[in-house]
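**Student:** So the chains spell out like this:
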Amino acid sequence: MLVILGLTRRRLLTTRYTLGWLGVGALVALAAMTMPFVGQLGKVANITPTAVLLMISSLLLLAISIQLSISVSLLQERLRTTAEAHALLARRVSDLERPA
Amino acid sequence: MTKVVVVIPAFDEGACIGGVVSTVRMGGYECTVVDDASTDRTAEIAEQAGAVVIRLPINLGVGGALRAGFRHAVDNGADTVVQVDGDGQHPAEQIGTLLKHLDAGHLDMVVGSRFAPGGASAPQSNPRRAAIRVLSTTLRRRGGVSISDPTSGFRAIRDPLLTAFATNFPHHYLGDTFEALLVAGRRGYKIGEVPVEMRARQGGQPSAALPASVRAMLRALTVPFTGCSFDLPPRA
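Quick note, the sequences are listed as chains A and B, same order.
So in the numbering used here the end of the first sequence lands on 394, straight run, no missing numbers.
So in the numbering used here the end of the second sequence lands on 240, straight run, no missing numbers.
Hints may be right or wrong, so weigh each one.
[Claimed, not checked] Footprint (simulated), chain B over chain A, 3 or more residues, beta carbon under 8 angstroms: (1) 369–379; (2) 382–392.
[What the hints assert, rightly or not] Derived, one-sided and incomplete: chain B residues facing chain A with beta-carbon distance under 10 angstroms: (3) 38; (4) 39; (5) 41; (6) 57; (7) 58; (8) 62; (9) 64; (10) 68; (11) 71; (12) 72; (13) 75; (14) 76; (15) 79; (16) 175.
Treat the hints as calculated values from the structure; they're not laboratory data.
Ideal Cβ placement from N, Cα and C applies to all residues, glycine included.
Construct the complete structure from the given sequences, taking the supplied hints into account.
**Tutor:** What follows is the structure in structure tokens.
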């Protein structure tokens, strides 16, 4: 959590992702603190408490990577549109700069 | 009142682009070359040959270059675009044939086909031929469009499809050809084909190596089931 806060302060992470990662940290910590309850959950499914904890963490990581893939896809589309607009503007500028 | 612009997407086509642009200009057409962040002198050569050149700052792929070209054409008052490859395999002398067919059939898009009766191409490898057949069948069954050469990049496109493409056009490999045809067909645009004689590429590199082709093929074939990566407004 300290690492996440540090990264945010150095502006390597935007607030949006800071909140996400802090949430993940909090959830995993919560699961660890309520191990007896987690153990009960495990008994229902007939697996050890550790396995339940691992399962929860891997599901969270999966969710985060899917979310990141969505973000990257969106960014690709935006980058493409921006590159296109840049190229068309550059064309217009050089047409205007050409001596009449 | 129609205005036709020939759009040529080009990546490192310095060896051929000059000849292609000259042929197009000799036919009396306006010519826009979209330089897809080439590392050679493609842009300069095309400009000297008489084309308007748009230089993309980063490589966007054929579909990305095409959308930029369509946008530019539409912004400059064109209602018809003929798309030609920069590597010299398309017969730029036959642009008129595509346009005539577009008018005669009141079509939205005409594809120049190597495999229609009367068309011709450089010899194709068997897997390539088979892949094209599979795509053609998929297109007929899923999109209701009968095109014998769905990967052809020699096409004439007219409004309202042109304006739609200027906003929505896929940029991945096979997206600009197969998927664009599929979506246009499903949305009710009228598409036809004419036989053309294509040559072997005159230079430069093919746009996709084998692994990329296989991946693109897999994606193209799942498209009818997973849905397309882009959409168009229905034909009015």
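**Student:** Once the shortest beta carbon distance from residue 62 of chain B to chain A is found, is it less than 10 angstroms?
**Tutor:** Result: holds, 5 angstroms to nearest chain A Cβ.
**Student:** Is the hint on residue 175 of chain B kept, meaning its closest Cβ partner in chain A is under 10 angstroms away?
**Tutor:** holds, 6 angstroms
**Student:** Using the nearest Cβ pair, does residue 39 of chain B come within less than 10 angstroms of chain A?
**Tutor:** Holds, because the Cβ-Cβ distance from residue 39 of chain B to chain A comes to roughly 9 angstroms (cut-off 10 angstroms).
**Student:** Please count how many residues of the segment 382–392 of chain A have a CB within 8 angstroms of a CB from chain B and say whether that reaches 3.
**Tutor:** holds (count 3)
**Student:** Taking the least C-beta to C-beta distance, is residue 75 of chain B closer than 10 angstroms to chain A?
**Tutor:** holds, 6 angstroms
**Student:** Was the hint right that residue 38 of chain B lines chain A, CB cutoff 10 angstroms?
**Tutor:** At about 8 angstroms, which falls below the 10 angstroms cut-off, the nearest Cβ of chain A leaves the hint on residue 38 of chain B intact, so it holds.
**Student:** If you take the shortest Cβ to Cβ gap from residue 72 of chain B to chain A, is it below 10 angstroms?
**Tutor:** For residue 72 of chain B, the interface hint holds, since the closest Cβ of chain A sits about 4 angstroms away, which is under 10 angstroms.
**Student:** Is the shortest C-beta separation between residue 76 of chain B and chain A less than 10 angstroms?
**Tutor:** Holds, about 6 angstroms.
**Student:** Take the shortest C-beta to C-beta distance between residue 68 of chain B and chain A; is it under 10 angstroms?
**Tutor:** holds, 6 angstroms
**Student:** With a cut-off of 10 angstroms on the beta carbons, see whether residue 71 of chain B makes it to chain A.
**Tutor:** holds, 7 angstroms
**Student:** Should the hint that residue 41 of chain B touches chain A count as held when the rule is a Cβ pair under 10 angstroms?
**Tutor:** Hint on residue 41 of chain B: holds, closest Cβ of chain A at ~9 angstroms, below 10 angstroms.
**Student:** Are there at least three residues in the segment 369–379 of chain A whose beta carbon sits under 8 angstroms from a beta carbon of chain B?
**Tutor:** n = 4 at 8 angstroms, threshold three: holds.
When each numbered hint is compared with the structure, no violation occurs for any of them.
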